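**Q** Counting with the working numbering, you get residues 486 to 771 for the letters of the first sequence.
Do not rely on the hints blindly, as some may be mistaken.
[What the hints assert, rightly or not] Estimated spans, in silico, between C-beta atoms of each pair: (1) Lys513 x Pro681: 49 to 55 Å; (2) Ser761 x Asp607: 47 to 53 Å; (3) Asp587 x Pro760: 52 to 58 Å; (4) Glu721 x Glu685: 25 to 31 Å; (5) Glu521 x Gly749: 24 to 30 Å.
None of these hints come from the bench; they were simulated from the model.
Computed from a prediction, not measured in an experiment: that's the story for all the values here.
Positions of the beta carbon are idealized from the N, C-alpha and C atoms, including for glycine.
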Amino acid sequence: MPELPEVEIVARSLAAQVLQHKITAIEKLDWERMVETPDLATFRATLPDRCILAIGRRAKWLLMTLDAGWTLALHLRMSGNLTVQAAEAMPDIYTHLVLALDDGRRIFFQDQRKFGRVRLLDPVGLAALHASLGPEPLDTQFAINDLAQLLARRNARLKPLLLNQAIIAGLGNIYVDEALWYAHLHPLRAASSLDPDEVERLYYAIRTVLQQGIQNHGSTLRTYRNSYGEPGNNQEHFAVYDRKQQPCPRCGTPIKRILVAQRGTHFCPVCQPDPSALPITVENNR
DNA sequence: CATTACCTGCAA
DNA sequence: TTGCAGGTAATG
Numbered sequence: 486m487p488e489l490p491e492v493e494i495v496a497r498s499l500a501a502q503v504l505q506h507k508i509t510a511i512e513k514l515d516w517e518r519m520v521e522t523p524d525l526a527t528f529r530a531t532l533p534d535r536c537i538l539a540i541g542r543r544a545k546w547l548l549m550t551l552d553a554g555w556t557l558a559l560h561l562r563m564s565g566n567l568t569v570q571a572a573e574a575m576p577d578i579y580t581h582l583v584l585a586l587d588d589g590r591r592i593f594f595q596d597q598r599k600f601g602r603v604r605l606l607d608p609v610g611l612a613a614l615h616a617s618l619g620p621e622p623l624d625t626q627f628a629i630n631d632l633a634q635l636l637a638r639r640n641a642r643l644k645p646l647l648l649n650q651a652i653i654a655g656l657g658n659i660y661v662d663e664a665l666w667y668a669h670l671h672p673l674r675a676a677s678s679l680d681p682d683e684v685e686r687l688y689y690a691i692r693t694v695l696q697q698g699i700q701n702h703g704s705t706l707r708t709y710r711n712s713y714g715e716p717g718n719n720q721e722h723f724a725v726y727d728r729k730q731q732p733c734p735r736c737g738t739p740i741k742r743i744l745v746a747q748r749g750t751h752f753c754p755v756c757q758p759d760p761s762a763l764p765i766t767v768e769n770n771r
């Protein structure tokens with residue numbers, strides 16, 4: 486569930502609570518498959534006594550910089566939540582990882598669907614993670630031309646391309662649909678078919694919807710919460726996502742929902758014209 | 001590129 | 001009971 490804005494909010498709210506605190510113990514780890522690397526014995530032996538020096542985000546990964554060169558990377562996937570709990574709080578059956586802190590509070594990694602993952606990375610592993618991911622769309626370094634380069638010569642359709650974390654980082658099903666609506670682009674448009682104006686529209690649309698998602702503390706459809714356990718309210722601002730049959734905020738046409746790459750995809754059939762309905766580009770003589 | 005698997009809860 | 005859910009990796 487959590488996409489870039491949600492993970493960003495979790496990272497910020499976690500940083501506000503646990504920076505400079507030490508992880509004293511792993512109090513619960515009852516779904517061992519969530520630990521992807523290193524092996525379980527090393528994970529269990531290394532995490533205790535690590536101090537949390539910084540908390541950030543890369544794509545949809547939450548990164549806790551620890552001492553001794555370690556980074557704890559957590560991925561919430563569809564239903565994960567990271568919260569800080571008082572000493573007396575009891576983990577429920579969906580809480581699969583509990584990290585005790587030096588002041589008695591604890592960090593709960595709760596995950597109904599058990600898709601969430603954790604990696605304890607050394608500097609080499611961290612570099613490999615970064616290298617596997619595309620650019621951060623909110624990075625001040627990320628320019629219109631960078632997006633143009635990502636789209637150029639790619640036959641893939643916009644929706645699956647923008648969901649691909651190796652191409653561009655942090656977008657998920659909600660924010661792709663929202664961005665394409667803002668940019669007036671149909672999700673099935675071929676990436677390489679965009680003209681410069683359309684690339685520019687998409688660039689600002691992506692940044693706008695992500696920034697708006699952060700401003701509204703993320704989107705809570707079912708389970709998403711920040712690290713205080715509070716929901717976001719960006720779902721109240723959706724233009725198309727989860728709004729099948731409801732009026733397009735721009736033109737009033739009922740929003741359509743189709744399947745693209747097996748993902749529910751929402752768009753306005755008038756504002757985002759079907760690529761097959763676009764005027765044929767006649768090869769202009771010279 | 002499309003399909004399937006990974007999990008569980010919830011709404012239709 | 002079936003299908004669907006904010007994600008990704010593995011498989012044809």
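**Q** Against each hint, give a clear statement of whether it holds in the structure.
**A** Here's how the hints hold up against the structure:
1. Lys513 x Pro681: 49 to 55 Å: holds, 53 Å
2. Ser761 x Asp607: 47 to 53 Å: holds, 50 Å
3. Asp587 x Pro760: 52 to 58 Å: Roughly 57 Å apart at Cβ, these two residues keep to the hinted range, so it holds.
4. Glu721 x Glu685: 25 to 31 Å: holds, 28 Å
5. Glu521 x Gly749: 24 to 30 Å: holds, 28 Å
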